[in-house]
Structure formats: structure tokens, C-alpha cells
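Which chain is which? The protein sequence lines are A and B, in order.
Under the numbering used here, the first residue of the first sequence is numbered 1, with each subsequent residue one higher.
Under the numbering used here, the first residue of the second sequence is numbered 1, with each subsequent residue one higher.
If you're looking for bench data, these hints aren't it; they were derived computationally from the structure.
Everything numeric in this text was worked out from a predicted model, so none of it was measured.
Using N, Cα and C, we set each Cβ at its ideal position, and we do this for glycine too.
Accuracy of the hints is not assured; some may be wrong.
What the hints assert, rightly or not - No more than 30 Å apart at the CA atoms, straight line, and that leaves these computed lysine-lysine pairs for BS3-like:
#1 LYS118(B) x LYS192(A)
#2 LYS411(A) x LYS61(B)
#3 LYS431(A) x LYS61(B)
#4 LYS152(A) x LYS175(A)
#5 LYS411(A) x LYS46(B)
#6 LYS425(A) x LYS22(B)
#7 LYS236(A) x LYS118(B)
#8 LYS12(B) x LYS475(A)
#9 LYS359(A) x LYS118(B)
#10 LYS67(A) x LYS118(B)
#11 LYS39(A) x LYS118(B)
#12 LYS60(B) x LYS425(A)
#13 LYS475(A) x LYS22(B)
#14 LYS39(B) x LYS431(A)
#15 LYS37(B) x LYS411(A)
#16 LYS44(B) x LYS411(A)
#17 LYS76(A) x LYS322(A)
#18 LYS496(A) x LYS97(B)
Claimed, not checked - Computed spacing ranges between beta-carbons, pair by pair:
#19 ASN333(A) x ARG131(B): 57 to 63 Å
#20 LYS118(B) x ASP399(A): 41 to 47 Å
#21 HIS220(A) x LYS118(B): 44 to 50 Å
#22 HIS220(A) x GLU47(B): 55 to 61 Å
#23 LYS61(B) x SER53(A): 38 to 44 Å
#24 VAL375(A) x GLU10(B): 44 to 50 Å
#25 LYS236(A) x ASN59(B): 37 to 43 Å
#26 MET115(B) x GLN24(A): 37 to 43 Å
#27 LEU111(B) x ASN73(A): 45 to 51 Å
#28 LYS118(B) x GLN238(A): 20 to 26 Å
Claimed, not checked - On the chain A side, residues computed to face chain B include the following (Cβ under 10 Å):
#29 LYS415
#30 TRP463
#31 LEU467
Chain by chain, the residues run as shown.
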Amino acid sequence: MSITSVLIANRGEIAVRIAKTCKQMGIETWGIKTSAEPKAHYLTQVDKVFDLSDVFSEVLVFLDVEKLMEIINEIKVDAVHPGYGFLAENAYFAQRCINDNVKFIGPSPDAIHKMGNKTIARQIATKNEIPLASGTIRSIRNAQEAKKAADKIGYPVIIKAASGGGGRGMRIVTKAEELAQNFRLATTEAEKAFNDPSVFVEKYIQNPKHIEFQILADEHGNVIHLGERECSIQRKHQKLLEEAPSPALSPELRKEMGDTAVRIAQASNYSSAGTVEFLLDQSNNYYFMEMNTRIQVEHPVTEMITGLDLIEQQIRVANGEKLTLTQSDIKLNGWAIECRINAEDVQAGFSPYLGTIEKMVLPTDQYVRIDSGVVEGDTISPNFDSMIAKLIVWGETRDEAIANTLKALSKFWIKGLKTTIPFCKTVLNHKSFTNGSFNTSFIENELEIMHESNNEEEILAAWFATLQYIEERQKEAENEVDFEQGKNINPWVLNKRMKSF
Amino acid sequence: MKFGKSSKNEIKKLIAVNAKRKRFEFPIPFTDALKTKDKEGEIKIKEDEKHGTYLIWKNKKFPVEVLTKNQNRYEILLNGISYNFSIETPTSYKRLKYLDDKAGSKKNENLAAPMPGKIVEVLAEEGREIRAGL
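Turn these sequences into a full structure, and let the hints steer you where they fit.
This is the structure we're talking about:
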């Protein structure tokens, strides 16, 4: 039976993204309205809305397996798309869907479990002769065991949470003396974040590139890869700017790494879309790091250079269809760059910048794609991530893609919030980025100034500030009441004013 | 230009001072003529429904807005980057410099949260000594 209706168990831009493809495929979409954001943009993009806006729950519905199962059985959809984050890589949720005869658009619970646990993934990789950074295969129980392993591997080593991800539960140890303390910190953090204290130790690859391969697999054993994505522009393990393909890979290396990615997927009986992450060191040795068993935030760059719709492919695979493409059908065309436009204050260490999007004007050039879950008037709240939009730009060559992206960024107009737009411009203009030599330490080591600014713009800002000041003083002199100004009024001034009445 | 009824003398200039105490001086009466290191010209303020307020300088558009204001202090967001200024008259600038020189014996310090969020519980009370944790 093929899928005719889908519950999108997610929010924001990815919910909008999934709804778009479903619409094209003639599939009915359901969204969930939550009390946290009852007026969210994604709700306008789905066909039907399940209203939970009256329910105030501590746990967001997108994380609540029982509640989701209740909804699924009430609205009787054929399938669930989990998007990314939330329950996208939760084997239990995937199994519960299968138990209730609902298709989970993603890999099997078994594959999610195997690849989600890094120690199991390492064991599978070892068995299949996939290159790995040297390290422990089993999880480590105590600091003595960790030290023994680290001494054997050689410093620096990294302690990683077995169930980890997103940079949490990770500790780099450069000296033997620091091991015991870092082991304790890593296990505590892992326990807190993932409810699983088990960790393992592996060789720390210094200043690598982060290269990931998009793979696509059906339930009939066919697996292909769709080339790589370069995700080395990271800050604290959070990706900020991605591109496809990577300037670091020769066609030979691409083929070799791509074939390796396919082998890992085959070894875990993988189906649906997935991502195999590698670290590439400065001598072009690559090491399997982990596999992400979901659609990724940065998937549009792959779509742009392959012409494929990955959400559509996921749905077709969930339908039980065979892949219609073989590896030789996949041709990488041109270059694509994705900038994550987040509401963040780069000048204050990338802290989220909360507020209302007062104006938003998007670039509409050819080759520009924007995936966004917000519209003008929406607010960026502390409840969710601070992403405003993903700007994805294509060019025939890498230089052209960079130039086109800079052009699009200059036309991306947002008011009311501070964003990462100036930061993206700085990265795209940086020599290490344009010549392709950058690695994951780029932001930490090479980027001295986090945002583009110049003296001229500061003079303009100073002029504008002075003008504001003059206009306000004039208003005051005319005895006009400015309620806006009263917001931050000093009590001394207020007192004086009241006396003068 | 006069500021309020109380000003005895006409103010000849205003000084925008940034966080690093760099000065930007503007003559009064205030004009839209601007001079930078290598350029000179007129600066224009425009506003439309689609873009909000923006400046036009040398045929380029610069989105601009006031992010926060408090008395004479302004945080201006121009082209995505924020700038902090306090606007001073020549007299208040002298005072500012005098206070700067005297500064150093601060007793109260503001503690800013590293990122926005909801305060769930405050576990320290006044007078308690806090040390950095691990």
C-alpha cells in the first residue's frame, strides 16, 4: 500500500520542507499545533492541523512518543516523517510506529540502534574493514581502563559518549595527567545528556576536515551515494556553513570514500537516506566517525548538485519502492553552498538573539533557494533553536558559488534581530575558505574577526545615533510624550519630571 | 540647535563615543553632509514598507535600526552589525573622561547571562561568596 497521508512530527523549516515535497507527490500532510507556538508558519503549509495548543505540557509533543502514537492512531495517517532532531533517531519511536502499522519514514529501528550507538557502529566498521581512528571497540568502565587504552593509542585522545552527538560528552585529552578528570567529566555529561554514561576512547585527529557522504538505500539491498558535503566550518561542533562537493576531494578519493560509505550502509542493513561522517586528516587519510540515520539540516546542498529531492526518495523507500537510480546515474553538477542564517549575536559569542523579525526581504536571484520556517512578524523564542533560514546558492564553479552567495547575502535583509549574515560574509571572503585549505579549527584559529565591518559603516552608525539623539531631545523640548522613551527611564529623571508638573 | 530650555550656551557639536572610547564628532547644526577617510557626500534616510528604514550613502543601501536605547546610549544595528554609542555634548564628554580616569574602584558588577533563557531558580543569596566551579 502506498503512502497517502503523512504526519510531520516536527516543526520549523524542516516541517515546511517535508510538506512541500508531500504536496508535490499528492500526499496529505498533518502538522501539530503546540501551545509553544500556536501561530507558527509551518502550520500554514500543511493540509490538516492537529490542535494541541490548549495542552500545556512540560515535554514538547515532538519528543513524546506516547502522545504522538495517540495522535497517529486518532488521525489514522499512513506514515510519520520525523524530520531531524526530536525523535528522528529514536529506535523506540520507529518500532512503535511499525507495531501500530504506520510507516516510519527513515531507517529500520535496528539500523537506528546500531548506528546510533557509537561503540556498536565502531564494531561494525572494524568487522567490515572500514578505516577508523584507532581506539577502543568496547565502552570503557573506569578511568584506569581509559588510561591504559589512551597510553596504547598515544596522546592526544578524545573521550566520546557512546550514545553521544552534537559535541556533548566529548573531551579531548592531551596529557596522561588530565585523563582521570576528563574521564569523569565525559561520563557525567554523557549520563546527563543521553542517559547513558558509557564512553570510549579514540585517537584525536588534529585539525581534520569534516566530510560527510549522503547515501540512499532501499529495502531491497540497493545502496548508492550522492557525493559528499564539506562541513568543516563549525563552532563547538555546530555546523554553520556547508558546501557540496568538497574542494579537498579528488575524483579518486571521492570514489573511495563514497564506496566506503556504501559499505557501512550495507553492513548495517540500512534503508532510507543517511549520512556517513568521516574525518579527513592533512595527509588525506580518512576515518569513519559516525552515521546519522536521518535527513540532515544541510541536505539541500546535495539536492542542488544532484537534482534529486531527498524527502521524495525517503518517502519512496518507505513505500517499499526500489531505487530507480544506480551509482553511475549520479552526476555532480556545479557547486552549492548553504549558509545557516541564525538569530545569533556573533559579537557576543554566538549567543541566541531573541526578538521579533520586523522585516525580512529575501534574495530572489536565480540559483538561490531559501528554506525557512519563519515569516515577517514571527519571533525567535528561547523555546526552540534560533534558525531563521537556510540560504542555499548554486554556481557552476566554486568561485561562482561563493560570489553568488555573497551577492545573495547582501540582499538578505532582516530587521529586528542580529543574525549570522555578517559572519557568513566574513567566512566567504576569507583566504583560507576561498582557497579551500580550511579545516574544523578554522573559526577558532584562523578567524580573528568574526564579522565584517568597516570604519565607514561605523561612521554611518554614529551619524544615525546622533540623529536619533537630536530628534529625541527636540521632541522632549516640544513637550511631546514619548512612551517608547519612558521604557528605560532613569528614576531620578522621572522624579524630576513629576515635580515639574 | 538648542537642547531644552535650560541650555544656556548653544552646543556647537555632539560627540558619539563608542565602547572603546573612539570619538565621532558631528557639528551642530546637524547636517546630512558626511566625511569619511576617503569619501565625502550626502547621506540620506529612506523608509519604505518593504525594507523599513535604511541609509543611502554613495549609492549603497544600509539597513539601519535602533536596537536598544537608554538615555543617551544607543545600540545601532547597521548592515547586520551592532554598534554602541553614547552621545555626548562637549561638557558631558569632559565629565565622561573624568569619570573614566577615576574609575577602577567599582564595587557592584553586573553579571550578564551568557545566553538568554528562563531563570528557573536562584540558588545564591545576597552576601554569599561565589567561587568559580569546575
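Distance restraint between LYS60(B) and LYS425(A), which requires alpha-carbon spacing of 30 Å or less: With Cα atoms ~17 Å apart, LYS60(B) and LYS425(A) stay inside 30 Å; holds.
Need the status of pair LYS118(B), LYS192(A): alpha-carbon distance at most 30 Å? With a Cα-Cα distance of about 20 Å, the restraint between LYS118(B) and LYS192(A) holds, given a limit of 30 Å.
Sort out whether LYS411(A) lies within 30 Å of LYS44(B), counting only the CA atoms. Holds - the C-alpha atoms of LYS411(A) and LYS44(B) are around 19 Å apart, at most 30 Å.
Indicate whether the distance between the beta carbons of LYS236(A) and ASN59(B) respects the range 37 to 43 Å. holds (40 Å)
Just to be sure I understand the hint, the distance between the Cβ atoms of LYS118(B) and ASP399(A) should be within 41 to 47 Å; is that true here? holds (46 Å)
Verify the proposed pairing of LYS475(A) with LYS22(B), using a straight-line Cα cut of 30 Å. Answer holds: LYS475(A) to LYS22(B) is near 28 Å, not above 30 Å.
Assess, step by step, whether the Cα of LYS37(B) is no farther than 30 Å from the Cα of LYS411(A), and give holds or violated. holds (26 Å)
Take the C-alpha atoms of LYS76(A) and LYS322(A), compute the straight-line distance between them, and say whether it is at most 30 Å. holds (26 Å)
I want to verify a distance hint. Is the separation of the beta carbons of HIS220(A) and GLU47(B) within 55 to 61 Å? Given a distance of about 60 Å, which is inside 55 to 61 Å, the answer is holds.
Hint consistency between LYS39(A) and LYS118(B) [alpha-carbon to alpha-carbon, up to 30 Å]: Holds. LYS39(A) to LYS118(B) sits at ~21 Å (cutoff 30 Å).
Minimum Cβ distance from TRP463(A) to chain B below 10 Å? OK, holds: TRP463(A) within 10 Å of chain B, min 6 Å.
With a cut-off of 10 Å on the beta carbons, see whether LYS415(A) makes it to chain B. Where the cut-off is 10 Å and the nearest Cβ of chain B is about 5 Å from LYS415(A), the hint holds.
Going down the numbered hints, you'll see the structure goes against none, and every one checks out.
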